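S.K.: Sequence:
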Amino acid sequence: MITYRKLSANGVGRLLVAYMREHQLRPGPVGDHTASQTAEAGGRLNSYFTGRDGQGSWAPDIGPLIADALGLDISRPPTDEELIRLFECKRASDGADWPGAHANRTISGIDFTASPDKSVTLAAEFAATTAEQALIWHAIQQANDRALALIGREIGVARRGQGGQGEHEAGEVAWVSFRHYTARPAMHIQDGLNGPTASVEIPVPGDPQAHIHNAVFNAVATEDGHLGSLDTARVTKMTSHLFGAYFQAELGQQLRSMGVRVRPDERGRAIVIEAIPRDVCEAFSKRSRQAEQQAKAFVKRQGGNWDTLSAEQKFKVLHQANLAYRSKKYDGTNDREIWREEARALGWSHRSVLEDVVAAPTDPGQRYEQACAIASRLLAEEFETQAVIDRDAFRMHAAHGLIATGLDGPQDIDRVAEMILERGIEIRGERVHFLQGVAHGRVQVTTSEQIRVEQEMGRLAGLSARTRAGSLEDAAIARVIAASSLDFEREPDHGRAQKAAIFALGRAGGLGFLTGVAGAGKTALLAPLVSAWKEDGRQVIGAAVAWRQADALRDTGISQSFALAKLLRDIETGEHGLTRQTVLVLDEVSQIGPRQMLRLLELQETIGFSMRLLGDREQAQAIEAGDSLAILKRVLPAEAAPELLSTIRQASARGRAIAGLFRSQGRDPALSEAEQREKDAERAREAIAMKCRDGTFRLIGGDHDQVVDEIADFYLRRRDMLTAAGSRRGITMSAPTNEDVMALSMAVRSRLRARGEIGEAEIIRPAIDQRGEVYDLPLSVGDRVRLFDRVQVRVQTPRGLRWRHLGSNGDIVSVAGWDEAGLRLTNSRGLEGLVPWERLADQTSGRTRLGFGHAMTIDAAQGITSDEHINAMPRGTATMTGFTAYVAESRHVQTCWTRIAEAPVREAEQFSRPLGDTTPVTHADLLDRIAADLGRHPYKPVGIDLMKRRLAFEAETARWIRQSHTAEAMVQAGQSPGGGWRARKATQGLRAIPGTCWDDISRTMRKRAYETQNVAERISRLVEEQLRSREAEGQGEAAQVKTERERTHRRSPSVSPGQ
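Take any residue in the sequence shown, note its place counting from 1, add 212, and you have its number in our numbering.
If you're looking for bench data, these hints aren't it; they were derived computationally from the structure. In this text, all values refer to a predicted model and were calculated from it rather than measured experimentally. Think of the CB as a built atom: it goes at the ideal place given N, C-alpha and C, for glycine as much as any other residue. Be a bit skeptical, because a hint or two may be false.
[What the hints assert, rightly or not] Using C-beta positions, here's what the derived DEER-type ranges look like:
id : residue 1 : residue 2 : range
1  : G1029     : A1090     : 38 to 44 Å
2  : P1048     : A973      : 16 to 22 Å
3  : A973      : A1136     : 48 to 54 Å
4  : T1130     : E486      : 43 to 49 Å
5  : A1090     : L558      : 29 to 35 Å
6  : A1090     : R910      : 14 to 20 Å
7  : S771      : C1209     : 51 to 57 Å
8  : L1043     : A973      : 20 to 26 Å
9  : D699      : Q1106     : 18 to 24 Å
10 : S697      : L633      : 57 to 63 Å
11 : R941      : R643      : 51 to 57 Å
Working from the sequences, and respecting the hints, build out all of it.
M.R.: What follows is the structure in structure tokens.
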């Protein structure tokens, strides 16, 4: 491997030279190569054959441009004074500042350290002849030089212009190499019980470990005479792995050419020599721990207390204790003599690794194909957990493939990487291709399959959320809320938010998603909804990634719950069927990746069941590639994605405020990555400051054992106090890793055993955890153990022996006894029964699958509530993120106690600074370092962002927001929102008819209209004729009547007046 660290230009150059030359500032003459190996340290003999002295040598082939610019005389080895000047950004020859004074040279260089596998070191150290030793060292040096040449080409680019944004020009670089043969042991030493703690080198023999420090000066000389700085932006964790892989590939090539039998290690990341046993390599890799154990045992035998000793007393003890068991006394220079004594104690003798093995010549094309196959497999593993990776990962894994096959030079790396990019790789049996884009100034890559999964998931989720099937009526929701036992009045604002969330989830159709912070009562508010669904004749099923989280859903009235993987498997095999009347409730959905979520949505589209999701993106994330919640937030309408951002778990407002500060407010697109990190770190720093004022935050000094002991003692003190006070929920303790959990649990157990709270009788079972780590597990009555599987116990019932569910992975249970048949266990609900040993056995190894149970990992703690919680970090905060910090700091009702080991944090802070930086590390610096770790939120990227792809319904969500604004404005103006939409909806069918159809309809209607017009005209004429005829007849009848009247009047006689 190759590690790197910057070198300070503002430090003391003499200190850097002393570090590089292992405190031997004046190089002596080359030793006599005829001297015996046991009497001579080996460095001088080695340099006799290789021409390289262990106290510094110039890089091969340093160009004249850079040599002239830095004042280097490469015809002879560098002197102390020359190196001191160079490490202070001064010319070696005259001490003048490097040219280009405008450049901000706070960094004088970068130390790239190349280290081979332990087997290569032991082969050199225990070689039968000095010539063989020199031959192996020559191979290491050659591989080192070629790797540094690659590094020089990668970072030897002068950037011009403001901030390096102008022209880029390749140039010459220079470095100086220092061979080291030993890894010096270091310990965390505390000066007294409450004194400061520091990581210091201890006065005991080191482990054999060949490595070469290469100080690459921060200068790039171009042909036009410009002296720029290294392109340090190219030095990343990814490229350092690339450089290390190339070093290993070149080392393998060198050793094969010498006739040494080599192979890649188990991970394919390093070259190992087969002739050196792996157990011997392990034995020579534990010096620091052995020294610590010897010293503490020595003090205990003398009746002393290691913790109370001063730093000076501890150094004396370390020196005495580590001499007492050896016949050879350590004087600081005779490491090799003591190594040989230890090899004899191990029963290992070694002669030579030169076996004259002739490597079969391989065709370059065949070698490329083999390397491509290896690299493709490694890349497929990366894409299982990452949706987007750097383009440099292709070169890195190409180099890993070339470790096994051999190579001709760095051009082979690019050739294999291009082959993979052109062909694609196989993931889960399917061939996928690559898509490239630029993000954060780096070329990054995603796969066609990842884009498909994310886009299809977004489409189906958006469609499902807009389907009304599965929604409840408001009256039904209100009825079950009124009948529930939930208290909405204790915290009125939170109660209203809970009610709103219940209504939103009940009204949702195919899909509803509730975002809820830790302690918001997400699970509790499900109870009335479960009642409503059951009243409506629905089948309600619960699921989560972990069995323990799924089982917790049963408290809401859900009768069936499953781990998600089992549920999907049962659906596929037909063992479990879902119907249109099913409501599937998924908890902790932040742990569900896009692929699994897509499978659920595909099943939903086929079957028609409803889904309700609960989770928080700011807590634990999925292991699988991608971010399901990021996609859901983009495609779900607001009414289907309610948020519950207040909490009721913490009893005090201050406790809620502190827990809330550990939760990120989400990624602000207006901020750069650096600005976002600074903002989140500021929130974490504020939370830490509040905890410091409350007395709930403490940095613990001492070595790892001291820290663990202090936390264990504190845990028991708080447990006893809470028990005496009648606490119902008690105290819990979490830690970042399984190793931390084991150490804390063992420390608590030893104290409980001494107090008589754990039985005297004990059995020790060979055990194994879910990661394959093996250990001895002591068991006594009263012990607490962690389950790694879903476990059932055999209990006596009125109907005889029956199997009952005891617990799931992550649950803590107590030991009640044991016999030859099995182990009697009791869970927190009081259920006790026998678990046969074979049911607890690992199928492969036969070891018992149980762990230590007085502490739990943070992942296992997610979902629990206790009166007090201890957030223990006995190895510092480097493995923490904002996600895990938020979970750990929000488990409590009353108090969360934060306990962090000081020494690892101090070490991390010192290592983050350039080597040679003499600025003291203050307490504030340590708190800032912790805040940076606890405020770090590495959200998983999604492939669609890299390719600037938009999801279906994503634009619709934005339109919905605009429409909501318009509707509110219309209501305020006294208008009726949606009138235009209703009109368009009413005429939707007519508007859907194509224009050609309208043309046909128009012609037909015109023809029918003409025919109708003709008929109407004929009818009109007939009517007019009839009217005229009737009118004529009427006139004739009237004339006849008139005539008759006149005739009658003429026939009548006249009457005279007076008659």
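S.K.: Which earlier hints turn out false for this structure, listed by number in ascending order?
M.R.: none
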